[in-house]
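K.L.:
Starting from the known structure of chain A, fit chain B onto it as the hints suggest.
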Amino acid sequence: MSGNIRLLSDTLAAAKSEGRSALIAYLPAGFPTVDGGIEAIKAVIDGGADVVEVGLPHSDPVLDGPVIQTADDIALRGGVRIADVMRTVREAHAATGKPILVMTYWNPIDRYGVERFTAELAEAGGAGCILPDLPVQESALWREHAEKHGLATVFVVAPSSKDERLAQITAAGTGFVYAASLMGVTGTRASVSNQAQDLVERTRATGTDLPVCVGLGVSNPAQAAEVARFADGVIVGSAFVKAMLDAPDDAAGVEAVRALAGDLAKGVRGQA
Amino acid sequence: MPSQFFIPDPEGQSPNPEGYFGAFGGKFIPEALVAAVDEVAVEYDKAKHDPEFAKELDDLLVNYTGRPSSLTEVPRFAEHAGGARIFLKREDLNHTGSHKINNVLGQALLTKRMGKTRVIAETGAGQHGVATATACALFGLECTIYMGEIDTQRQALNVARMRMLGAEVIAVKSGSRTLKDAINEAFRDWVANVDHTHYLFGTVAGPHPFPAMVRDFHRVIGVEARRQLLERAGRLPDAAVACVGGGSNAIGLFHAFIPDTDVRLIGCEPAGHGVETGEHAATLTAGEPGILHGSRSYVLQDDEGQITEPYSISAGLDYPGIGPEHSYLKDSGRGEYRAVTDDAAMQALRLLSRTEGIIPAIESAHALAGALEVGKELGKDGLIVVNLSGRGDKDMDTAARYFGLYDTDAEVAEDASGTAEIEGDAK
Numbered sequence: 001m002s003g004n005i006r007l008l009s010d011t012l013a014a015a016k017s018e019g020r021s022a023l024i025a026y027l028p029a030g031f032p033t034v035d036g037g038i039e040a041i042k043a044v045i046d047g048g049a050d051v052v053e054v055g056l057p058h059s060d061p062v063l064d065g066p067v068i069q070t071a072d073d074i075a076l077r078g079g080v081r082i083a084d085v086m087r088t089v090r091e092a093h094a095a096t097g098k099p100i101l102v103m104t105y106w107n108p109i110d111r112y113g114v115e116r117f118t119a120e121l122a123e124a125g126g127a128g129c130i131l132p133d134l135p136v137q138e139s140a141l142w143r144e145h146a147e148k149h150g151l152a153t154v155f156v157v158a159p160s161s162k163d164e165r166l167a168q169i170t171a172a173g174t175g176f177v178y179a180a181s182l183m184g185v186t187g188t189r190a191s192v193s194n195q196a197q198d199l200v201e202r203t204r205a206t207g208t209d210l211p212v213c214v215g216l217g218v219s220n221p222a223q224a225a226e227v228a229r230f231a232d233g234v235i236v237g238s239a240f241v242k243a244m245l246d247a248p249d250d251a252a253g254v255e256a257v258r259a260l261a262g263d264l265a266k267g268v269r270g271q272a
Numbered sequence: 273m274p275s276q277f278f279i280p281d282p283e284g285q286s287p288n289p290e291g292y293f294g295a296f297g298g299k300f301i302p303e304a305l306v307a308a309v310d311e312v313a314v315e316y317d318k319a320k321h322d323p324e325f326a327k328e329l330d331d332l333l334v335n336y337t338g339r340p341s342s343l344t345e346v347p348r349f350a351e352h353a354g355g356a357r358i359f360l361k362r363e364d365l366n367h368t369g370s371h372k373i374n375n376v377l378g379q380a381l382l383t384k385r386m387g388k389t390r391v392i393a394e395t396g397a398g399q400h401g402v403a404t405a406t407a408c409a410l411f412g413l414e415c416t417i418y419m420g421e422i423d424t425q426r427q428a429l430n431v432a433r434m435r436m437l438g439a440e441v442i443a444v445k446s447g448s449r450t451l452k453d454a455i456n457e458a459f460r461d462w463v464a465n466v467d468h469t470h471y472l473f474g475t476v477a478g479p480h481p482f483p484a485m486v487r488d489f490h491r492v493i494g495v496e497a498r499r500q501l502l503e504r505a506g507r508l509p510d511a512a513v514a515c516v517g518g519g520s521n522a523i524g525l526f527h528a529f530i531p532d533t534d535v536r537l538i539g540c541e542p543a544g545h546g547v548e549t550g551e552h553a554a555t556l557t558a559g560e561p562g563i564l565h566g567s568r569s570y571v572l573q574d575d576e577g578q579i580t581e582p583y584s585i586s587a588g589l590d591y592p593g594i595g596p597e598h599s600y601l602k603d604s605g606r607g608e609y610r611a612v613t614d615d616a617a618m619q620a621l622r623l624l625s626r627t628e629g630i631i632p633a634i635e636s637a638h639a640l641a642g643a644l645e646v647g648k649e650l651g652k653d654g655l656i657v658v659n660l661s662g663r664g665d666k667d668m669d670t671a672a673r674y675f676g677l678y679d680t681d682a683e684v685a686e687d688a689s690g691t692a693e694i695e696g697d698a699k
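Protein sequences appear in the order of chains A and B.
For the first sequence, this note's numbering begins at 1 and goes up steadily by one.
For the second sequence, this note's numbering begins at 273 and goes up steadily by one.
In case anyone wonders, no lab produced these hints; they're calculated from the structure.
Be careful, since some hints might not be right.
Stated by the list, open to error - Below 35 Å or equal to it, Euclidean Cα-Cα: the simulated DSBU-like pairs (lysine-lysine) are:
(1) A:Lys42 / A:Lys16
(2) A:Lys162 / B:Lys327
(3) A:Lys162 / B:Lys320
Unchecked claim - Covered stretches of chain A (chain B as the covering partner; in silico rule of three or more C-beta atoms under 8 Å from a C-beta of chain B):
(4) 71-85
(5) 132-145
(6) 158-166
Backbone N, C-alpha and C fix where the C-beta goes; we use that ideal spot for every residue, glycine too.
Chain A with its partners taken away, still in its complex shape:
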């Protein structure tokens, strides 16, 4: 069975044809529980998210701030396994029909086996992967298997990326390009960095057809609206996780992320 890379591209294209940015939400699998995580993903899609990135919790999340570190700890203490991540993708996609990606550090895939991981993710209905610590020059094996199984390879670009590097990355990537709005780890920020728009413009200047979506630090509808003016997609992660961590119980957490997704969906439509 082939993965849902085309569904991802079609979804982003549909948002564009509506004259708006797509809303892309991130939530870790197994947080607060595997089933609770699946409910949360369904809720953010119900609230208006177009695409969801499912985080594969890691013992050493070097690129994540305290909020996602806390969620990963909770998920790992709960015993989350790669099979649970696959089940999360399968059930979230089956229930909503939306494109579901996995976001993970490289070592879990390296250890699990690239062929095994890509085959299982495609079979679960996954659309692709974001691999923030797998740089393009180390990615040939992954891309070979991802292509074989119809999965997108979403690379991250950063404000520090030089133009020739952007060209190399956009040539190798598929699905979309993840533009990190600032230099730093995940987490909410008070304002959107002015580096974001410049990076989006430099990425587009490579001539790529890939949509360019902006993440890192975007947490509220006003920021989403601001980013939506220049990006094809707005990626929100820590704000969803924080809403769940701050909720008095799991049910309230699900309602909180549904409401936040609703507000952000207005933001990407310029209604914030």
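P.N.:
Just chain B now, with coordinates in the frame of chain A:
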């Protein structure tokens, strides 16, 4: 005149241009750090070929660090090693008390060349942190040191030293609260502040070029030891022995001996409470290849790539990874790696203290314990050089508790004497 103390790998054959030693190494880093890591590689390559850089570093290594370090024969200690001759390479006598200063001064000069004003570093035992804080004081650089919370407690003296030197010390409370987590936090800082900050990495791990660059700055250890042994013992050793956490002091000792194929290169990993108990940090003995902190190497991990929590009584060896060149030496068979328990290391620490009047760091005591074994294997004709990578002042609280040396521990001491008995005591 060629440099006497900064002696990078003259072959320039390893690693390959992508940073691989065989199957190990590489650059598994976030895109945000690619430009900065590339800059380090380019600047280091320029510096390596710049006689001015070598001259400046040589001057520091002689007049500030105190190189060359002594080579001390330890005959009373060696009586407990089957009578083999044992020499210690005295990196503990360097300024700041360990080998770490060799690398730190090199990278601090590089920081200046790159025009960066702030330095961050991780530290386990605090030796790398102290050396980094020292260099930052010397060069007027802003300095932040990340240290696992558990390590700030067991190495409190070094925390005080770093703060005395003007560094900010941040106790890291995530994960296992040890060296691995300090590195995680330092990477998070670097991603956010890379425009003006250099990450002065303290071991031969991390993304290319760090494993090769840090090795080059420590290569002097083995170059000196080799020359000193030829002068003093008239021949090359049968074995070069060093402790291995991330592997910097070991690669420093080993590297000059790699072409001498009759010299066994023996790394001593921390077995903690015993490899079979699961409470250890013996990465090459019990790990599998994987990615940690920017390169492919052996890693202590579970079947799904989650890093497992290491344990060692020694904060400096308490790390679930290892430099990629050691993984290469292991797989190629050129290096041998064995595991040494907490207890064996502590016995060796006391034995060296009482037979030779040298109190080693607990890290280095792992190498001493390994040398006792190797000596017995070699017999009385054996010749061994051990890297005494650091001095034990910082470990006196841990050692005093272990052996019951505080007056208030009198009853504990009675108790502990049964398990802490060593042959050297009787003499």
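K.L.:
So, for every hint listed, does it hold in this structure?
P.N.:
Structure-based check of each hint:
1. A:Lys42 / A:Lys16: Holds. Lys42 (chain A) to Lys16 (chain A) sits at ~23 Å (cutoff 35 Å).
2. A:Lys162 / B:Lys327: holds (34 Å)
3. A:Lys162 / B:Lys320: holds (25 Å)
4. 71-85: Coverage by chain B holds here, the residue count being 3 at a Cβ distance below 8 Å.
5. 132-145: Coverage by chain B holds here, the residue count being 6 at a Cβ distance below 8 Å.
6. 158-166: holds (count 6)
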